[in-house]
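*Asks:* Listed below are the residues making up each chain.
Number of protein chains: 2
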Amino acid sequence: MNSQPTFLLLADGDFSPMTSKTANSVIRFLPDRVVGVVDREHAGKTVQEVLGFGGAIPVVGSMKEGLAQKPDAVLIGIAPAGGRLPDEWRAWLAEALDAGADLWSGLHTFLSDDPLLAAKADEKGCTILDVRKPPANLPVAMGLAREVDACVVLTVGTDCNVGKMTAQLRLVEGLEERGLKTRFVATGQTGIFIEGWGIAVDAVVADFIAGAAEQLVLKAAPGADVVLVEGQGSINHPGYSGVTLGLLHGACPDALILCHQATREYIGEYRSAPWLKIPPLTDYIKMYEMLGNAVHPTKVIAVSMNTYDLSDEEARAACAAAAQETGLPCTDPVRFDAAPLLDAIVAAARG
Amino acid sequence: MNSQPTFLLLADGDFSPMTSKTANSVIRFLPDRVVGVVDREHAGKTVQEVLGFGGAIPVVGSMKEGLAQKPDAVLIGIAPAGGRLPDEWRAWLAEALDAGADLWSGLHTFLSDDPLLAAKADEKGCTILDVRKPPANLPVAMGLAREVDACVVLTVGTDCNVGKMTAQLRLVEGLEERGLKTRFVATGQTGIFIEGWGIAVDAVVADFIAGAAEQLVLKAAPGADVVLVEGQGSINHPGYSGVTLGLLHGACPDALILCHQATREYIGEYRSAPWLKIPPLTDYIKMYEMLGNAVHPTKVIAVSMNTYDLSDEEARAACAAAAQETGLPCTDPVRFDAAPLLDAIVAAARG
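In the order they appear, the protein sequences are chains A and B. In terms of this note's numbering, the first sequence has 255 at position 255, counting the first letter as 1, and numbering is strictly consecutive. In terms of this note's numbering, the second sequence has 347 at position 347, counting the first letter as 1, and numbering is strictly consecutive.
For reference, chain A alone in the conformation it holds in the complex:
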């Protein structure tokens, strides 16, 4: 397999600034390796026109048009609720294998378990990479991550899809510039696509969530000053909170960065039927610190604000309001200078 493969992203029917999280992050962090996006709704536009970033990467209306760009792999760029494979896509993925493209997927349904796709991949000599397939023999966590020398920083959120991974990836370079050897630990499909290693902790058997996080931190920590662990979900998310807490207790972070999207009012409102109002940031700080401290001393050191749908002025006001409410440094590290977050991490790592 090419070590820097090019991708055609499949995001049909769900390509937008908030819903197609995997596609958007791959575009954001690996723009030179994306040859196109398949989405019938926005076919004919550029990615820039749909997302507000991503430049001239074309959105195409069929797998055939996309495959004409000769991608090394077709990458599943959206995460349907439950993570399973829409039936309609099976034929498209077979078409991709017929054209000699590998398949990269983070769905809970493993493409390599699909008899049609597995047989075709075999026949064509293509690879199916299911990044959510967990490693064998994960341990039950024993709190071992609390003993590493590196300063472990976990992003925690007010909901899914607020920017927990993006914030971390934005900080690596700045920390390195400040002289701290920094490792990013991917705990979800998108992070693994970008970083090249990791474990999708939401896909492991429930007893081993914390064990997977522990193993990742123990692998990343040697020689590092700072380990940035990608957070998942939210501690009050009705569906995913178990993953969030397992990650918190398995990774034993020394410091937490609370991530929020400024205009989000309800848990999961970027999808359907929201009913659970997002409480104040100070409530999240209490919950994360109380539960984190129950296993390893930790505190929230900064707030990372996602302001993608605000004007510059509104964004600055949202960050100022969060700083005021929490008494913590706050910025949007995608939009503004990440210095407030970087300074907070440097202080935690040297403190």
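Derived by calculation from the structure, the hints in this document are not laboratory data. The structure presented is a predicted model; accordingly, all values stated were derived computationally and were not measured. Treat the hints with care, since some could be wrong.
No more than 25 Å apart at the CA atoms, straight line, and that leaves these computed lysine-lysine pairs for DSS-like [to be verified]:
(1) B:Lys-286 to A:Lys-286
(2) B:Lys-181 to B:Lys-120
(3) A:Lys-120 to A:Lys-70
(4) A:Lys-286 to B:Lys-299
(5) B:Lys-299 to A:Lys-277
(6) B:Lys-277 to A:Lys-286
(7) B:Lys-286 to A:Lys-277
(8) B:Lys-70 to B:Lys-45
(9) A:Lys-181 to A:Lys-299
(10) A:Lys-133 to A:Lys-45
(11) B:Lys-299 to B:Lys-277
(12) A:Lys-286 to A:Lys-299
(13) A:Lys-299 to B:Lys-277
(14) A:Lys-133 to A:Lys-120
(15) A:Lys-181 to A:Lys-219
(16) A:Lys-45 to A:Lys-70
(17) A:Lys-299 to B:Lys-286
(18) A:Lys-64 to A:Lys-120
(19) B:Lys-64 to B:Lys-133
(20) A:Lys-219 to A:Lys-133
(21) A:Lys-45 to A:Lys-64
(22) B:Lys-120 to B:Lys-133
(23) B:Lys-133 to A:Lys-133
(24) A:Lys-64 to A:Lys-133
Assemble the complex: chain A is given as a structure, and chain B must be docked to it using the hints.
*Replies:* This is chain B only, laid out in the frame that chain A set:
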């Protein structure tokens, strides 16, 4: 399969009042269906001599002796950390199949995936029941359990293995006597062995922990006044807290019963290398209520105390001290009258 099968319990090397949790509960709740226990260490004793209950059920030193009692099934009665199959047992289980016994297992490693055992079961017409094999197509929880009419009561713990399932099973009859239609929801292997249905929530893929709990409550609630949901783990357990929180948010309990073992000082101290001190009960009440309330209004209504290793006098003192500390009714429902817990549930269900 016989609907009331008899069991030979395999608990070799780990048969004791605190470690062999599954074996002990099957003995406690289905004593007439247990023909013997395989454990080389205590071979020749009765179960009563090892556990302090269980009467004349014999402990035998080999599978051969146990199979001579003609059990319908061999049931794995201990849960090794991580839930995997010790290599040594494979030959014993093959021996059981050769004798025509079914296999019942709650290990994470599915016996039915073992080529030797699967082939032999097939050859002998025996059944392998892996109760930790999760059902297909579990949903991501959406908070649907908050809408059921029944009063949902979840047991929550200060650690694993403090009596969360036992407390619930002790309460069913008393609640029925008080005129409340009561359903028990099994969420772990032992509860499923005893009740005959349920989902082992610690064995589902992490994203679906809460979804499994939600599905169980939605199935049990129609026609019930009270649904007693078996709790798992502890909210501050370094390995299993994710399962605990997913269950709390998926089941949407209206009331919680906090379970503790009076003499336990450290998380997991019944196993090895304990390091995490169990905080005061009032800390647990804060953590469970804060996190539970984040999704659905709930409160701790009583404390269930496990006093198996205390004298009667010490046990009464431990219950009184917990009641004093928490301001809640407290008893050991195995040892004493369960009335304080029953009254608290009746008040919650009618309140």
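*Asks:* Please go over all the hints and tell whether each is borne out by the structure.
*Replies:* Okay, the hints, checked on the actual structure:
no., hint, result
1, B:Lys-286 to A:Lys-286, "holds (11 Å)"
2, B:Lys-181 to B:Lys-120, "violated (43 Å)"
3, A:Lys-120 to A:Lys-70, "holds (18 Å)"
4, A:Lys-286 to B:Lys-299, "holds (18 Å)"
5, B:Lys-299 to A:Lys-277, "holds (20 Å)"
6, B:Lys-277 to A:Lys-286, "holds (21 Å)"
7, B:Lys-286 to A:Lys-277, "holds (21 Å)"
8, B:Lys-70 to B:Lys-45, "holds (19 Å)"
9, A:Lys-181 to A:Lys-299, "holds (22 Å)"
10, A:Lys-133 to A:Lys-45, "violated (34 Å)"
11, B:Lys-299 to B:Lys-277, "holds (24 Å)"
12, A:Lys-286 to A:Lys-299, "holds (9 Å)"
13, A:Lys-299 to B:Lys-277, "holds (20 Å)"
14, A:Lys-133 to A:Lys-120, "holds (20 Å)"
15, A:Lys-181 to A:Lys-219, "holds (14 Å)"
16, A:Lys-45 to A:Lys-70, "holds (19 Å)"
17, A:Lys-299 to B:Lys-286, "holds (18 Å)"
18, A:Lys-64 to A:Lys-120, "holds (17 Å)"
19, B:Lys-64 to B:Lys-133, "violated (28 Å)"
20, A:Lys-219 to A:Lys-133, "holds (19 Å)"
21, A:Lys-45 to A:Lys-64, "holds (17 Å)"
22, B:Lys-120 to B:Lys-133, "holds (20 Å)"
23, B:Lys-133 to A:Lys-133, "holds (17 Å)"
24, A:Lys-64 to A:Lys-133, "violated (28 Å)"
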